Amino acid sequence: MTTTATITSAYEEPHISVTASNYRNPISSGAVVGGISKAWLFMGGYTSTIVNLAPVVADGFHRLAAQWHDATDMYSIDSQKVAHPSYLRIIAFGKVMIPYILSDLATRGGSWYSALEALTGMSPVGPEDTANVRLRKAAWLRWGKTNGYLGVGYVSYAISGKLLSQFAP
Amino acid sequence: MYLTPFQESYFPNLHRSDYRLTSPETDEYNCFAWAAHINDNRWDPTNNWYWPIGVPRSVTLPSAQAAYESLGFELCTSDALENGYEKIAIYVKDDGQLAHAARQLANGSWTSKLGDWPDIEHATLTALEGSYYGHVEAILRRHSDG
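Protein chains in written order, with our numbering: chain U, 1 to 169; chain P, 170 to 315.
Just so you know, these hints were derived from the structure itself, not from any lab. One or more of the hints may lead you astray.
Claimed, not checked - In silico negatives: residues of chain P with every beta carbon more than 12 Å from chain U:
| hint | residue |
| --- | --- |
| 1 | Tyr171 |
| 2 | Thr195 |
| 3 | Thr215 |
| 4 | Cys245 |
| 5 | Ala268 |
| 6 | Ala270 |
Unchecked claim - Not everything, but these chain U residues come out facing chain P in the computed CB check (under 7 Å):
| hint | residue |
| --- | --- |
| 7 | Asp73 |
| 8 | Met74 |
| 9 | Ser76 |
| 10 | Ile77 |
| 11 | Ser79 |
| 12 | Ala106 |
| 13 | Ala118 |
| 14 | Pro124 |
| 15 | Glu128 |
| 16 | Thr130 |
| 17 | Asn132 |
| 18 | Val133 |
| 19 | Trp143 |
Remember, it's a predicted structure, so these values are computed and weren't measured experimentally. Glycine included, C-beta positions come from ideal geometry on N, C-alpha and C.
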């Protein structure tokens, strides 16, 4: 059974539509209300569990980011900062971490650029701006806003164990 | 004003009687830039940060030494205050990796930007020596009108 999800409203109380492509009664919907909550979707007898992972992901990020900041903020060389295990674990979580990284970059700062480049496979920083910390930071934050990672809801859900992440419009 | 006790714990030779905070925290410059009087950008031989043009990019003492030589500094043998000279001390970790730079002030004390942490003025170079910044491996100087 293939399950896909589209999350169509803002963070905290998203409306979720789920389709089961090979099921005779494919469409159902539910609402998740804040926190670690579950929406039970009844689709002709099949019950799927949707778990709002946002608090879990946020907690994981903040824990790892705090470890990383505490252990490396006294260093001045990027290669010594980004080799820390907590930094690498954040990258290993995947793109779901991007909004949290950008938020931390905006509020606390730090050498998040290698993680962002690893997770996005690109850099929005022009070659002439790369060596300037203010321009590099501004380019990433501008990219984050333009692409919906900053300033709007961002939700992460697991449906039947599969991690899904979506932007809320 | 002092570092937090947590931050101080990384520098066991740093005592409150021998240092003071001289800036807030910021990631907009680092120790290598600050040693060169730069407080609006980072100097870092890695990850495409600014590093003086023509200087090989490596996390080593020779690379940092060449960076400051491009500004007119030259190796010297003493960290003592010398009339008419400005000095920079370069710290290297036990594994040979470049770690830190400090700049001597006109009163003979030293100023250091501690990574993304604040700047401090510290009385001695040994105050920052230890497992995180290693030991001072080179002292450079230039005429203070440099």
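Any hints from earlier that this structure breaks? Give me their numbers in increasing order, please. Violated: hints 2, 3, 5, 6, 12, 13, 14, 15 and 19.
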